[in-house]
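There are 2 protein chains.
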Amino acid sequence: MAEKIIDPWGSALVEDYEKIVKDFGLEVFDSKLLPDPNKIMRRSVVFAARDLKQIANAIKNKKKFYVLSGIMPTGERIHFGNKMVVENIRYFQEHGAETYILVADLEAAAARGVSLEESRKRALDFHIPAFIALGLDPKKTFFYFQSENIKVTHLASETSKKVTANEFKSVYGSLEPGRIYSAFTQVGDILYPQLKERMPGIIPVGIDQDPHIRLTRDIVRRTKQKYNFFAPSSIYHKYTPSLDGGLKMSKSKPESCIELPEDPKQVSKKLMRAKTGGRDTVEEQKKLGGEPEKCMIFELYKQHLIEDDKELDKIYKDCKAGKLLCGEDKKHACELMAKFMKKLTKDIESARKKVNKLKFVK
Amino acid sequence: MAEKIIDPWGSALVEDYEKIVKDFGLEVFDSKLLPDPNKIMRRSVVFAARDLKQIANAIKNKKKFYVLSGIMPTGERIHFGNKMVVENIRYFQEHGAETYILVADLEAAAARGVSLEESRKRALDFHIPAFIALGLDPKKTFFYFQSENIKVTHLASETSKKVTANEFKSVYGSLEPGRIYSAFTQVGDILYPQLKERMPGIIPVGIDQDPHIRLTRDIVRRTKQKYNFFAPSSIYHKYTPSLDGGLKMSKSKPESCIELPEDPKQVSKKLMRAKTGGRDTVEEQKKLGGEPEKCMIFELYKQHLIEDDKELDKIYKDCKAGKLLCGEDKKHACELMAKFMKKLTKDIESARKKVNKLKFVK
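So the sequence lines, in the order shown, correspond to chains A and B.
Residues are numbered in the numbering used here as their position in the first sequence, beginning at 1, plus a constant of 1244.
Residues are numbered in the numbering used here as their position in the second sequence, beginning at 1, plus a constant of 1244.
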């Protein structure tokens, strides 16, 4: 339920995410650990972490560390989750991280039947440009295709022997061979940058990716004698909720899901029907004020559309005070979204021209 | 028990191997399908097969087919099982097969902790020369290292999604992640030659390797639409029994196990203590004749030391008639074994010089 998962501006964690933190043994994310946290860090959209201190220390002491993430080159568009990952990658990149972006073409082939050639084409044509458009600095980034990185395979093969069936099942809840094969490939990806030089690394992910982090951290302990890798750190962002108030946008409900990029007119229609924290009548709302904590539009501001905290705060207060009504506010959101989508489309176009200069590693 | 597993010269399958054929759903190997069968084929040491007809047809109609096997570059020596595999590879090589030998260095690293560099060194220094010394024609063979063959990884990753946990368990009896990872790498190896051109292939193996063949054959059916691979054919050789009469030589009983190459004097000592089919007393043996069916020395003749069927037959008959006694026979075996070991050592030495001319593929 939306009431549970959308935390008020600046407030503590709400129930669902609190439960995740507890069940998964995560740390509550503390933005004060990091210098100049980005907006999703400051606003508790990034809500949990593992071993964040070793990254904070690396930043503070100007020690080497890395940030790594993957691109799944299926589909013609990306989603808000990818946008948050890039925002976090960018943050660490700007704070000195060696940056790795892998294209999960093996995974795309195995899970979705997309050929390696097709994945390569899509990644170069859209996904990598989209990441650059969202803020990734390509000059400071090493890219690779899983299908070309034999060292990832070496790590996957070797580390698969370090985990029993029961242990794997307790992390993933499944022993399907395809799942197992993919999981160890991801372990290989996460540790690959340390083959050249061991250093802390941070993996910004959605909470559904935590099993890979847990598995990798277990494996690091078990290969200590040979590799002495740093266990990967991680941070977790909340989902962007579905416009109807559900936990997570999903393509299966296209009317409540916004993809990137998407036609601004089409998005406006969806926004105008979004669930808000408005009262039953205008009169009531003027009297009692709105409930931004329950509002999908406010959540989009907070996660994606408004950079400036003061601007966000003003909206929050005006809504609470009954001064800002939903109709007007939705119009505002449509304008911001249209601006964002237009800029994104244009930036993807420009980024495409940089693709031939990317640094690929193996 | 030795009585069960050693079939009399030329006889039908004995109980243990019959059970394997039945339980695994194998064909009984029929040497008449193949032109000029080699000695272990003629003598029912090769006892079972899958889909041998498609290979027989390829030979008959001079169609393309391949033979593939792997080298596990652990240890300083090989064993009689490897020798039988090479004998069969050589047979198919001489009958037109495109030949692939892979070095299972990923497997060696994962299962035994041997570094890739060490595996490479061992393979080039000993294992490949030993295969050449035993009859492999290096000029007609494509070699590769698992760790360098990304296409094998692609197949492994993709095919891992085609099998459920339950199905895997029913074939391997285990869902250990390391086992799963290795199994799909082997599926990748077995199918790799068909990526270039689809054609039948034969994998000569010991019976313990059959799960890989079964898994690969299942996967071939499930990837028909995309790849339309031929299901791999296979042939299975019996174990070389332990000199004390056990099912299989094992390094854990060094006094009953002969490795290749091994010092002739040391081997002679072991042979002199081998279990034979001799009677309790010389008088009795002269009267009743020996029992070559129960004799480890005779099994070594049959599997390894005597090429000529007439020569083998004479020994069989002389033993049965009580004319050939165990002491004399063991001396003969020691001579043949010494000759074999000396030649092998010399041939490995010469083969080492050919290693720089091998054809490696990726």
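Some clues are possibly wrong.
Copies of the same chain are indistinguishable here, so a pair counts whether it falls within one copy or spans any two.
[As the list claims (entries may be wrong)] Distance condition first, Cα-Cα at most 25 Å in a straight line; then the derived DMTMM-like pairs of lysine to aspartate or glutamate:
(1) K1395 - E1362
(2) K1530 - E1441
(3) K1468 - E1420
(4) K1606 - D1280
(5) K1395 - E1420
(6) K1406 - E1361
(7) K1597 - D1524
(8) K1519 - E1499
(9) K1470 - E1361
Simulated from the structure, these hints should not be mistaken for lab results.
The hints, checked one at a time:
1. In this assembly of identical chains, K1395 and E1362 lie within 25 Å of each other by CA distance both inside one copy and across copies; the values are 23 Å within and 16 Å between.
2. Within a single copy, K1530 and E1441 get their C-alpha atoms no closer than 60 Å, and across copies no closer than 74 Å, so neither meets the 25 Å cut-off.
3. For the homomeric pair K1468 and E1420, the shortest alpha-carbon distance between copies (21 Å) is at most 25 Å, but the shortest distance inside one copy (28 Å) is not.
4. In this assembly of identical chains, K1606 and D1280 lie within 25 Å of each other by CA distance neither inside one copy nor across copies; the values are 33 Å within and 48 Å between.
5. Taking CA atoms no more than 25 Å apart as the test, K1395 paired with E1420 passes in both settings, with 24 Å inside one copy and 22 Å between copies.
6. Only between protomers do K1406 and E1361 lie at most 25 Å apart by alpha-carbon distance; the minimum there is 21 Å, versus 33 Å within a single protomer.
7. Within a single copy, K1597 and D1524 get their C-alpha atoms no closer than 50 Å, and across copies no closer than 89 Å, so neither meets the 25 Å cut-off.
8. Taking CA atoms no more than 25 Å apart as the test, K1519 paired with E1499 passes inside one copy only; the shortest distance there is 12 Å, against 80 Å between copies.
9. In this assembly of identical chains, K1470 and E1361 lie within 25 Å of each other by CA distance solely across copies; the values are 15 Å between and 36 Å within a copy.
Comparing the model with each numbered hint stated earlier shows that hints 2, 4 and 7 do not hold.
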